[in-house]
Amino acid sequence: MHTPYYLIEQYKDDSVKDSHKPKVVEAGKIYVRLNDRKAGIGEITPYWCLEYLWGKHFGLNQPILKRLNVLLEDSNKWIFDWGNKDYAYHIEHPEFRMQRIEDFQQGWWPAAAFYTQPIMYIAKLNIMYHNTIIYETEIWAFDEFRKFLPKAVNRYVGGNCNIWYSYYQLDTIEGKLLSIFTHGSLEIYSREPNYNQLLIFNNEKERKNFDSFLIEHFMTILTKRLQMNTNIRLLRTQMPMAKAYYIQLYMSQRLLKSMEIGRIQI
1 MHTPYYLIEQ YKDDSVKDSH KPKVVEAGKI YVRLNDRKAG IGEITPYWCL
51 EYLWGKHFGL NQPILKRLNV LLEDSNKWIF DWGNKDYAYH IEHPEFRMQR
101 IEDFQQGWWP AAAFYTQPIM YIAKLNIMYH NTIIYETEIW AFDEFRKFLP
151 KAVNRYVGGN CNIWYSYYQL DTIEGKLLSI FTHGSLEIYS REPNYNQLLI
201 FNNEKERKNF DSFLIEHFMT ILTKRLQMNT NIRLLRTQMP MAKAYYIQLY
251 MSQRLLKSME IGRIQI
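Quick note on numbering: the working numbering labels position 149 of the sequence shown as 149, and the sequence is numbered without any gaps.
Don't read these hints as lab results, they were simulated from the structure. Every residue, glycine too, gets a C-beta built ideally from N, C-alpha and C. Hints are supplied without guarantee of correctness; some may be wrong.
[Said to hold, decoys possible] DSS-like, lysine-lysine: derived pairs with alpha carbons at most 30 Å apart: (1) K66 x K208; (2) K85 x K56; (3) K205 x K224; (4) K12 x K85; (5) K56 x K66; (6) K124 x K208.
[What the hints assert, rightly or not] Quick list of the computed label-pair ranges, beta carbon to beta carbon: (7) I119 x N84: 15 to 25 Å; (8) N76 x G28: 23 to 33 Å; (9) I91 x W164: 14 to 24 Å; (10) V24 x I64: 37 to 47 Å; (11) P94 x N203: 22 to 32 Å.
With the hints as constraints, model all of the structure from the sequences given.
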């Protein structure tokens, strides 16, 4: 928040020629407008105005969930160590904290198959304001507790159970938790390359555009994938024959080479 407004250096209006009544706006004072007049120039800004403006500056006037969303954007100001502790908190506003509920239980999500150790664990995670629960979600542990991520969303596109994906949307609470858990990197992989098993969208518009593209091109993508699988199966079926052929070809080339060398030597 930019409010309240004040000057860091004194300002003097040089257009006023009367030296006995110089028009000066002093530094450090907070200026407000009350209806059709200004306060702070020649009079003290009312206390209730100061209280309101500073409350707005620190987000104290906002609803709790709105304040939470603002604080979650400070990904580098959250203190956590999920491998050893069951809580996290905002370093400047520790009344906002996260609390893991109970122990991790073994679970399953398709994304787990893409990690080096394909076993995952799930636990409930509450976001608290003092002792009040203001949001409930989950924390996921992948690759034998090497990678901690917030709960992702599984989405079926166009009502087709064959078209689905898991994703994070960065302007949601889980999306902001992803930024916090990954220290702002948004890297979801652990010890293996990132195979994009979890998609990341900036906002709902970007996700809807992806859905439209997926619906429009799904059959083309599926056809190419089926053709690729067919080629792989065909290659596996023909592998013994192909292997024998290449061995024979290799030996024939070696024989010809030996004959050429022999002719040269002769």
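Status of each hint after checking the structure:
Simply put, K66 and K208 have alpha-carbon atoms about 24 Å apart, close enough for the 30 Å limit, and the pair holds. Taken as a hint, the K85 and K56 pair is broken in the structure, with Cα atoms around 33 Å apart against an allowance of 30 Å. Between the alpha carbons of K205 and K224 the distance comes to roughly 28 Å, so the proposed pair stays at or under 30 Å and holds. Restraint check: the Cα-Cα separation between K12 and K85 comes to about 56 Å, which exceeds 30 Å; the hinted pair is violated.
Pair hint K56 plus K66 holds up; C-alpha atoms about 12 Å apart against a cutoff of 30 Å. For the given pair, K124 sits about 29 Å from K208 by alpha-carbon distance, which is consistent with the 30 Å threshold. For the hinted restraint 15 to 25 Å between I119 and N84, the CB-CB distance of approximately 20 Å keeps it satisfied. A C-beta distance of roughly 30 Å is found between N76 and G28, which places it inside the suggested range of 23 to 33 Å.
At about 38 Å, the beta-carbon gap between I91 and W164 misses the expected band of 14 to 24 Å. Against the hinted window of 37 to 47 Å, the Cβ-Cβ separation of V24 and I64 comes to about 42 Å, which satisfies the hint. Distance hint check for P94 and N203: the Cβ-Cβ separation is about 30 Å, which falls inside the suggested range of 22 to 32 Å.
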